[in-house]
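One-letter residues, chain by chain:
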Amino acid sequence: MTKTKKMVLLSFFAAGAIVLSIIESMFPVPLPIYGVKLGLANIITIVLLYFFGIREALMVVCIRVFLSTLYGGGFVVFLFSITGGILSTLVMGFLMKVFFDRLSLSSVSVVGSIMHNLGQLLVAGVVMKDFAVLGYLPVLMISGVIMGVFIGIISNFLISSLKRINVFTIKP
Amino acid sequence: MFNKMKKGDLVVGSIVLLLIIISFAGVKIYNSLGSGNGKIAVIRQNNIIIKTIDLDKLKESQEIKIDGDFHNTILLENGRIRFEDADCPDLVCVKTGWLDKNGQMAVCLPNKVSVKIEGSDEGLDGVAF
Numbered sequence: 379m380t381k382t383k384k385m386v387l388l389s390f391f392a393a394g395a396i397v398l399s400i401i402e403s404m405f406p407v408p409l410p411i412y413g414v415k416l417g418l419a420n421i422i423t424i425v426l427l428y429f430f431g432i433r434e435a436l437m438v439v440c441i442r443v444f445l446s447t448l449y450g451g452g453f454v455v456f457l458f459s460i461t462g463g464i465l466s467t468l469v470m471g472f473l474m475k476v477f478f479d480r481l482s483l484s485s486v487s488v489v490g491s492i493m494h495n496l497g498q499l500l501v502a503g504v505v506m507k508d509f510a511v512l513g514y515l516p517v518l519m520i521s522g523v524i525m526g527v528f529i530g531i532i533s534n535f536l537i538s539s540l541k542r543i544n545v546f547t548i549k550p
Numbered sequence: 005m006f007n008k009m010k011k012g013d014l015v016v017g018s019i020v021l022l023l024i025i026i027s028f029a030g031v032k033i034y035n036s037l038g039s040g041n042g043k044i045a046v047i048r049q050n051n052i053i054i055k056t057i058d059l060d061k062l063k064e065s066q067e068i069k070i071d072g073d074f075h076n077t078i079l080l081e082n083g084r085i086r087f088e089d090a091d092c093p094d095l096v097c098v099k100t101g102w103l104d105k106n107g108q109m110a111v112c113l114p115n116k117v118s119v120k121i122e123g124s125d126e127g128l129d130g131v132a133f
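In order, the protein sequences belong to chains L and W.
Just so it is clear: in the first sequence, position 139 is 517 by our numbering, and no numbers are missing.
Just so it is clear: in the second sequence, position 10 is 14 by our numbering, and no numbers are missing.
Chain L extracted, bound-state conformation (with noise of 0.2 Å):
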């Protein structure tokens, strides 16, 4: 693959998380509680640590979690979401690479959505300076298994529909 159309299928799916990431900011949150979320921008994270790998998805997260931020959020918004998604990305990278033949890719979601959660709680813990916000997690964990057995799921569709275009193999 050469480095142009790497650049241009990169920011392809930069800007694809950042649709879906504003897409998923139209949803009302049925929970008080910080965190709760869709997770769809997860999404484009997990079919470029597929079809890439780590760097690249790093690369992509946080080019999406910065311009996001910009549309809604700020400063706090986008430490939250760094963090969280950085930790989440490099544990789910490590999962795909180590156990790639045995696991599905809705446990790689789940355990990179509880790792997203635990980011955030732990920036959360940081900048109120208590940690007593970690009493989220039970809440955020279950949530964050609902949403990361559909993400697996929608990624599994994703990426076999992408593999079908052969958009990656095609020499320019």
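Since the hints were made in silico from the structure, they are not lab data.
Here the structure is a predicted model, which means the values were calculated and not measured.
Fair warning: there could be bad hints in the mix.
Said to hold, decoys possible - No more than 30 Å apart at the CA atoms, straight line, and that leaves these computed lysine-lysine pairs for DSS-like: (1) W:Lys105 x L:Lys507; (2) W:Lys10 x L:Lys475; (3) L:Lys507 x W:Lys116.
Chain L is fixed; fit chain W onto it per the hints.
Same frame as chain L, but now just chain W:
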């Protein structure tokens, strides 16, 4: 491929289930540790205590306004406390509703304000797990 259930999924599933149970238990224990007899509401901003109120001794309702990056209005009544109003973007603090048990807390992260009901035995706060 990642399509079907794999052996590893069972392992991940049981570990996650275990973690959820442990964390629930941890939170329960943590909350029961912090519960004394009285209901002392502690309002913090930037982790500095700006007000402590004994909710059981409160006769009539009272409002406290807090300024910062945003503004919160906290309403206190006999035995309970809540964020009445706020102008932060997400309103998580207001949606949390009434707090009336020891160990409960409501947080407004944008304004860095937290309200927590602590037992009358002082000294338990912060990291416990």
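Hints, verified against the model:
1. W:Lys105 x L:Lys507: 22 Å, holds
2. W:Lys10 x L:Lys475: 15 Å, holds
3. L:Lys507 x W:Lys116: 10 Å, holds
Checked against the numbered hints above, the structure breaks none of them.
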